[in-house]
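Student: With the hints as extra help, turn the sequences into a complete structure.
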Amino acid sequence: MKENIISVKELCKNFGKFKAVDRITFDVKRGEIFGFLGANGAGKTTAIRMLCGLSYPTSGSGTVAGFDVMRNGEKIKHHIGYMSQRFSLYDDLTVYENMKLFGGIYGLSKMQVERRSVEILNQLQFKSEINTLVGSLPLGWKQKLAFCVASLHRPEIVFLDEPTGGVDPVTRRQFWEMIYKASSEGTTIFVTTHYMDEAEYCNRVSIMVDGQIKALDSPAELKKQFNASAIDEVFRSLARGAKRGE
Amino acid sequence: MRQDAIEINGISKNYGALKALDGITFNVGRGEVFGLIGPDGAGKSTLFRILVTLIDSDGGSAKVDGMDILNDYHSIRNKIGYMPGKFSLYPDLTVEENINFFAALFHVTLEQNYDLIAPIYKQIEPFKTRRAGKLSGGMKQKLALCCSLIHKPDVLFLDEPTTGVDAVSRSEFWDMLLELQKKGLSILVSTPYMDEASKCNRIALINGGKILDINTPDGIVNNFKEPLYAVSGTNMYGILTATRQEKEVVDCYPFGAAHHIVASENFNPEFLKQTLEERGFKNIELNKTKAGIEDVFIKLMHTQ
Amino acid sequence: MTGFASFVKKESLHILRDKWTLLIILIFPIVELLLFGFAISIEIKNINFAVSVPHRTEAIRKQVEQISSNPYFTFRGYISGNEVDKELRSGKSDAVVEFSKDNSVLIALDASNPNKAMEGAGYLQSILMSGNSNASETTSNLSSIIPETHMLYNPQMNSAYNFVPGIMGLIFILICAMMTSVSIVREKETGTMDVLLVSPVKPIRIIFAKMVPYFTLSCINLACILFLARYVLKVPMSGNLGGVIGISLLYLSLALALGLLISTVTSKQITALIISGMLLLLPIIMLSGMVFPIENMPAALKPLTYIVPARWYISAIRKLMIEGLPFKYVLKEFSVLLTMTLFLVALALKNFKDKME
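Chains as they are written, first to last, in the numbering used here: chain A, 1 to 246; chain B, 1 to 304; chain C, 1 to 357.
What the hints contain is simulated information worked out from the structure, not anything from laboratory work. C-beta: ideal position from N, C-alpha, C; glycine also. Please note that the accuracy of each hint is not assured.
What the hints assert, rightly or not - Simulated pairs of lysine to aspartate or glutamate, DMTMM-like, Cα-Cα distance not exceeding 20 angstroms:
id: 1; chain 1: C; residue 1: K92; chain 2: C; residue 2: D110
id: 2; chain 1: A; residue 1: K214; chain 2: A; residue 2: D27
id: 3; chain 1: C; residue 1: K202; chain 2: B; residue 2: D56
id: 4; chain 1: B; residue 1: K282; chain 2: A; residue 2: D91
id: 5; chain 1: C; residue 1: K355; chain 2: B; residue 2: D213
id: 6; chain 1: C; residue 1: K350; chain 2: B; residue 2: D68
id: 7; chain 1: B; residue 1: K199; chain 2: B; residue 2: D213
id: 8; chain 1: C; residue 1: K268; chain 2: A; residue 2: E221
What the hints assert, rightly or not - Derived, one-sided and incomplete: chain A residues facing chain B with beta-carbon distance under 7 angstroms:
id: 9; residue: P138
id: 10; residue: S184
id: 11; residue: E185
Tutor: Shown next as structure tokens:
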């Protein structure tokens, strides 16, 4: 049995009277691809912020990469990678400048940054673009690169917040192959998405509604439980019961 | 016979060396829901902005509602509704104030065209005193749709109305569009989600500023002639890399719960299954499957 | 509600909902005015001075009395000639007047605050000079060493008087040009401009509707400033109030046109802010005569001041408000401002397109 890399119990986050996240409990195992689904406003972003050490829970307990979410937010940040659709890389810096910047932020030495950058660019067959401004790359390429940069410091967990929004179907799949590969090498992937076919690629999926986790299992088990042919249907039947907007 | 709602003839647009649009040609019939399907950067928004007379094209011509986009752009603006990619609402105004403002913009009142927007407006009416910035993504989308319908346009342009919106709101949104279609509107809608294509009467697949294919959703899918199989089992990543090494496999890619295999004519599914099992993969299921829009898109992207 | 009125309403709602910005717009001019006008004038009002003399004569006693009677000066006492440095360094006095045996007068000042020293010197000179006329027969040499200084219109050199027109010139540009350009560009940034352009309404009408609330706000500011200037800072307002208001309204229109022009050349709020900050504020502060008198500027800079609208406005307001001249004396300023306004409006309208680039 693999160890838990994320383990949270009864985690809550209130904003005044509003329970953004309402007693969520779950574990994520090392090397797992964990899909974190939910409708807009279900509380996903708030939950991710707590797991990344960006905000402290109102109550509950848990650890991420071995550090306490209630007390050690700063330490968590050093052991995770984060990438979102809204912000991934600086458009006005070149590919290599971005790598040096983020490598530096996570305390890698010049040598390490250089070696890993070359390795990544070779793997992406992207070496010719090393001095290209990120802003002039197609979105799909940018996102693939952002994923590599988020993993540059070899974090134990990578959080991906809607990484593939708007990306073409071919590149989207290349992106998921990178996720598969990272996972097979032991990196834990925690991912949100609006593409329901991508939910099927995950080892396990949780579905959040109104701040609570309403379902959590492997895609196959969920489909069995809900007597559905695709995760899409499971998601809809749960999310339709949502009472709150955003 | 009235003219088509939209006639596009060889429209091109360049940004420096980049060909954002490269000779786009297609027609949208009256009362048709026409989907423009393609990823970010395919040129969808640029085409929309040209058709709604916001920017000029570099070449080609187009007519909207029978009027030329260059010469009659003022008249066109009376007849079209446009919902840009980011919901163009005022976040600091309430739902009601937004609607009233857009009504005034088109010299109408909410009451005048209430019939048309009522089914949508009723869903957001309980929140009419709420600031638009505080609405959820789905609500914002409905409000933006109301605002673009307020003057009862003939032709509706919806640029990625469902991007960033969750699956439930997306399917509700499509239900609303089909209701509007029944009332006689012609709708051009763009989306990066391939699964939405089946809701359209006809679709155009677009990538890199070029149209890859135009047809009904069924027509597009039926053009996929290569044998297509779905394979699944435990350790999906391992199966993916192993399958790709097989000779008769043209392409293999993740596709939801299974991987899709595009095969050549000589492909033997039994042989592949055996090979995979011999290599230690368990619970292998390998069946023939029907192509979806996304399979077609992937194939066309490779041949482009 | 007709179209135009509802556009104005929408724009007013934007402003009213943004409480902090609204507060700043309304409070900023008042704070600025009180800060520049009041704080600075209080400082200059209180100059401590000592006198060093070889022999106390009747003439000198009279002069000291004359200085002391001025509300700006406080007499600290007589000191001996070798105590001057100590007196100033210790901060007991800001100025020492030394009468020497040969009847010449030396004024020593603590110039660590140059403004205070300059003003103090100016005051002392003028007081001593007027004292000379009375005692010219006995101390005839004194007048020859004191330069002739005339302090016209602002005999107490009340700095508030000078700053009021400057602050008006600054604030109206800030609110009208900066705020309108930012609010127009914001619509480009959020994408709402696309929808506005695609509507059948002439976009320029929406833009004009946008200006109305800012114009109104500026009028409120104008009223506040005039009220404060008259009743709190006691600026005489001897001239023609109608003229002050008229030329201010013209200046407001000019600022609005500038704002529109800026919004036509930028597509990001931050760029609009920087342009209005660097291109409008700095020249107003440096080149309008608000802080540095135009007469003292290097010859190379002087021609530049002619294209700064605030220069003409400030000059006109000074003439009307402080010197109390009738309107016909500012006709030159008025026509320059009018020409500039028309030019800017024309340029802005020419630049404003109802399509995107």
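Student: A separate judgement is required for each hint: does it hold in the structure or not?
Tutor: Tested hints:
1. K92/C with D110/C: holds (10 angstroms)
2. K214/A with D27/A: holds (15 angstroms)
3. K202/C with D56/B: Answer holds: K202/C to D56/B is near 18 angstroms, not above 20 angstroms.
4. K282/B with D91/A: With a Cα-Cα distance of about 44 angstroms, the restraint between K282/B and D91/A is violated, given a limit of 20 angstroms.
5. K355/C with D213/B: violated (31 angstroms)
6. K350/C with D68/B: violated (24 angstroms)
7. K199/B with D213/B: This hinted pair holds, its Cα atoms lying about 17 angstroms apart.
8. K268/C with E221/A: violated (50 angstroms)
9. P138: holds (5 angstroms)
10. S184: holds (6 angstroms)
11. E185: At about 11 angstroms, which exceeds the 7 angstroms cut-off, the nearest Cβ of chain B leaves the hint on E185/A violated.
The earlier numbered hints that this structure contradicts are 4, 5, 6, 8, 11.
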